[in-house]
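Model the full assembly from the supplied sequences, consistent with the hints where possible.
Number of protein chains: 2
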Amino acid sequence: MRRIEAPLSPAPRVESVAFDGSSFPVPDDEARDEAFARVEERAREARAQGMRIVVVQGLGFVGAVMAAVVANASHGGRPRYFVIGVDLPTAAAYWKVAMLLESRAPVVSEDPAIQAYVDRGVRERRNLTAIADERAYALADVVVVDVQLDVAERYFESAGSVAVDIEPFRAAIRAIGRHLRPDALVLVETTVPPGTTAQLVVPTLREELARRGVTGEPLVAHSYERVMPGRHYVRSIERFWRSFAGATPEAGDAAEAFLSTIIAVDEYPLQRLGDTTASELAKVLENSYRAANIAFIHEWTRAAEAIGVNLFEVIRAVAVRKGTHDNIMRPGFGVGGYCLTKDGYLAQWGVTHLFGADVSLDVTIGAMAINFAMPRHSLELLAEAMPLEGRTVLLAGISYLSDVADTRNSPTADFCDLLREAGATVVAHDPYVRHWPEQPDVAHLPLDEAIGRSDAVVLAVRHQAYLTLDPRRLARRSGLVVLDTQDIVSDAKAEELRAAGVRTIGVGKGHWRRLDRERAR
Amino acid sequence: MRRIEAPLSPAPRVESVAFDGSSFPVPDDEARDEAFARVEERAREARAQGMRIVVVQGLGFVGAVMAAVVANASHGGRPRYFVIGVDLPTAAAYWKVAMLLESRAPVVSEDPAIQAYVDRGVRERRNLTAIADERAYALADVVVVDVQLDVAERYFESAGSVAVDIEPFRAAIRAIGRHLRPDALVLVETTVPPGTTAQLVVPTLREELARRGVTGEPLVAHSYERVMPGRHYVRSIERFWRSFAGATPEAGDAAEAFLSTIIAVDEYPLQRLGDTTASELAKVLENSYRAANIAFIHEWTRAAEAIGVNLFEVIRAVAVRKGTHDNIMRPGFGVGGYCLTKDGYLAQWGVTHLFGADVSLDVTIGAMAINFAMPRHSLELLAEAMPLEGRTVLLAGISYLSDVADTRNSPTADFCDLLREAGATVVAHDPYVRHWPEQPDVAHLPLDEAIGRSDAVVLAVRHQAYLTLDPRRLARRSGLVVLDTQDIVSDAKAEELRAAGVRTIGVGKGHWRRLDRERAR
Chain U
0 MRRIEAPLSP
10 APRVESVAFD
20 GSSFPVPDDE
30 ARDEAFARVE
40 ERAREARAQG
50 MRIVVVQGLG
60 FVGAVMAAVV
70 ANASHGGRPR
80 YFVIGVDLPT
90 AAAYWKVAML
100 LESRAPVVSE
110 DPAIQAYVDR
120 GVRERRNLTA
130 IADERAYALA
140 DVVVVDVQLD
150 VAERYFESAG
160 SVAVDIEPFR
170 AAIRAIGRHL
180 RPDALVLVET
190 TVPPGTTAQL
200 VVPTLREELA
210 RRGVTGEPLV
220 AHSYERVMPG
230 RHYVRSIERF
240 WRSFAGATPE
250 AGDAAEAFLS
260 TIIAVDEYPL
270 QRLGDTTASE
280 LAKVLENSYR
290 AANIAFIHEW
300 TRAAEAIGVN
310 LFEVIRAVAV
320 RKGTHDNIMR
330 PGFGVGGYCL
340 TKDGYLAQWG
350 VTHLFGADVS
360 LDVTIGAMAI
370 NFAMPRHSLE
380 LLAEAMPLEG
390 RTVLLAGISY
400 LSDVADTRNS
410 PTADFCDLLR
420 EAGATVVAHD
430 PYVRHWPEQP
440 DVAHLPLDEA
450 IGRSDAVVLA
460 VRHQAYLTLD
470 PRRLARRSGL
480 VVLDTQDIVS
490 DAKAEELRAA
500 GVRTIGVGKG
510 HWRRLDRERA
520 R
Chain Y
0 MRRIEAPLSP
10 APRVESVAFD
20 GSSFPVPDDE
30 ARDEAFARVE
40 ERAREARAQG
50 MRIVVVQGLG
60 FVGAVMAAVV
70 ANASHGGRPR
80 YFVIGVDLPT
90 AAAYWKVAML
100 LESRAPVVSE
110 DPAIQAYVDR
120 GVRERRNLTA
130 IADERAYALA
140 DVVVVDVQLD
150 VAERYFESAG
160 SVAVDIEPFR
170 AAIRAIGRHL
180 RPDALVLVET
190 TVPPGTTAQL
200 VVPTLREELA
210 RRGVTGEPLV
220 AHSYERVMPG
230 RHYVRSIERF
240 WRSFAGATPE
250 AGDAAEAFLS
260 TIIAVDEYPL
270 QRLGDTTASE
280 LAKVLENSYR
290 AANIAFIHEW
300 TRAAEAIGVN
310 LFEVIRAVAV
320 RKGTHDNIMR
330 PGFGVGGYCL
340 TKDGYLAQWG
350 VTHLFGADVS
360 LDVTIGAMAI
370 NFAMPRHSLE
380 LLAEAMPLEG
390 RTVLLAGISY
400 LSDVADTRNS
410 PTADFCDLLR
420 EAGATVVAHD
430 PYVRHWPEQP
440 DVAHLPLDEA
450 IGRSDAVVLA
460 VRHQAYLTLD
470 PRRLARRSGL
480 VVLDTQDIVS
490 DAKAEELRAA
500 GVRTIGVGKG
510 HWRRLDRERA
520 R
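Taken in order, these protein sequences are the chains called U and Y. For reference, each letter of the first sequence is one residue, going 0 to 520 in numbering that gives the first Met the number 0. For reference, each letter of the second sequence is one residue, going 0 to 520 in numbering that gives the first Met the number 0.
Any given hint could turn out to be false.
If several chains are the same, the list does not tell them apart, and a pair holds so long as it fits within one copy or across any two.
[As the list claims (entries may be wrong)] List time: in silico DMTMM-like cross-link candidates among lysine to aspartate or glutamate, alpha-carbon distance up to 25 Å:
| id | residue 1 | residue 2 |
| --- | --- | --- |
| 1 | 321 | 255 |
| 2 | 321 | 266 |
| 3 | 492 | 448 |
| 4 | 321 | 109 |
| 5 | 492 | 109 |
| 6 | 321 | 27 |
| 7 | 492 | 402 |
| 8 | 492 | 206 |
| 9 | 492 | 454 |
Everything labelled a hint here was simulated from the structure, so no lab data went into it.
Right, here's the structure in full:
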């Protein structure tokens, strides 16, 4: 998911380098004309075979997979759509187009279905392609908008200071408007501030159509994905609940018809909402709810540590209450990823700037502040146990979620900064992550070597490899401090480690802290 | 659940008046001696028949029902326990003892099982009795503590100002200690600040035992009920999850053995926690979680109203996500009842005053402030629609929960105060409540009469009778304003009412507000 802007003429031999090091020359104007002619011809053929043309704007984490999923839709055993993924002809973005053209999924994921779907679309059925050219929007029966919309900063102190970087999104919509057929559906999947579809997308498209002298109201709808990274990524698109709404009844009908061909609606009936603002609000509310629930537990984590209680045990007892308490969160390391770290801000910005309403989402914005502060809390626990200056600390787990490779906005990056500020050297281990874009200078080491070199080990992510880790591998290094932020070390293992001269401390593990104090007396 | 204090000698002919108007003379010393002699004799006989003696301290909302439930426990078809309910010989409390002695449940509830259990214990099996005499604690194998522990005020601005009225609870524990056998189990069921059992109950009992020259460590445990008012009250004790912890391993074992005879542990296995502080924390965390979830939605309610969205529709769409979002709350009128309005404060007080910890539960305390502010929000919505001075407003529903009679801390009482401050006359209707102790001056009227007399109807509680209300009964009064705070009026009904000249406004119903504005243009 990258910004789509007016076509540029890149200087010759500009290279676009992918996350895995593959390098691709960004096409010049001539190459792009040739590519567009080919795509145009293939789209014409596909249409002649009864396919409709879907263009996905943005080949990022959602768009690339959405393109492959749409290409996989069939009727009567034959492809239903010819799908064109579009991204920018820039060094930062072009590699996504180029990888897809080579039938390589341009996202890192633990779900093998993604590559299988890409292969099926690009190689077998030949109904999936990609291009770095906005003229592709002219070919579309449906444009699916999957570009990013970001906040201006990573963190805001208060509801009043929230700022959103809306212009790149507007430019992307404008690019569509420059080419769109007036009868084509524009389905916005991007998470946007509530009000954006009605107040920004529709007027912008209307303006661009009018500029071309095209009459007719554009067909615009909003529907939000609920993609989960990990092993069931594709399933989280195809087999999961979907809400949507049209800017007009006709647009709602068109969106309903399109989504019904992509999603298993027999089992997961679509939910049509009253207006696009409701659909937009639902998405940011969902993620804000989760962020607020996490913040609530962070607050009680501090309390439990102060009063000597094992909060994990308490939460297991509380979570038996099905339907009311079973979604209660666990103490942890903070919040990462793309959604929970920004969607509350998008909500506030829409309320304030699109509606001019005097409503502050203080609980929501405050919850995000608490979540962002959690890596500092882990640092304080560690600093309480040992001086950090000159020490080496192993960060065991750097992704933002267990058993995935995704490091986007991972709180481990903030923790790493804090450790370095405190004078520590950081080394890393993560069975899923080879390259850490947010912290490129950190050395990645095999686990035993890393333990051997470290004064402290921070278990930061609940990866399977750490849950099954034999404590003897830690116990070899006497004097080590283990900071468990994810309820990985059981009380029995903590005792075993203690016997070997390894001290364990933990987020939410107030009972360990109490025992430490009692022993110190 | 009332405070238990040192025995008093009430002046003769003091009457104790129950909620239903029944009046009972508070017994004098002589009458109490006689009553105690009878109970002592009956307990001796029961013990000879193999029963153990359980004394329940406090015959309030939980204690009275707990006593009946314990009396209902059997083994081999015979009663397992002889149960003595204890409350104070005061005008405020004695009626509970007297009613139980007459085999009348001293609580109002929609659950017919309560009266059935009381009849079975008092009349049929004759293993349930009551007395206003602390000497009963001397007879106990198990004392169950179900007295109240209250906050000093109803509302606190900040974490730092939270105050708890701990002394009555300490006095109640001291009364037990004056008589307790050292081998008896004291099971605290009262919701207490975390740390209370270990730091207050155990030392107080130890002190009282020592004062009597009795050696031995008292057996003390904590376990919290999860009683739900309404039609399944008894089931919420007998057939629901229970956590508990002992102050010592022996006390934990004794509590486990006792609870296993009361609760269907085959289906709802007991959860033993590491220490009593964990058990206490679990209870206040559970209720604070719910209060925080409600506050979160209150905040988004204001946002949805401001941007023209129907938040109920959005929440239905969000709640399909099982396990993560299906417990999301609905917009409403505020929070009432005994637990959600105080337990966050108990948590903060324990952390600050029992542990001296510098941890502020800001999210939790802030959430409670938001919840307490919701009746004012409803008032503002109503005042936006019509001047309130000199008008008559019907409060339809006054309990704090749908389809129950319980008015404890109901936000409708606050709303009633606000209406009166604004110069309105309040009339009330509630199919479950005949007498409103918090607002004794409000006239209760039959529904149609009340509608006929009113300028506005506030649907404040989601009682069944309102959900099925024929809108024509409201439509008869043209010019009426209906404030729906509980998603009772559908969009179709709102249109029907509008056609009859009745305007509907609603909490969380941003789309109605938007339509109103569009029509006003």
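Open item on the list: Run through the hints listed earlier and report the numbers of any the structure violates, in increasing order.
Closed with: Structure breaks hints 5, 6 and 8.
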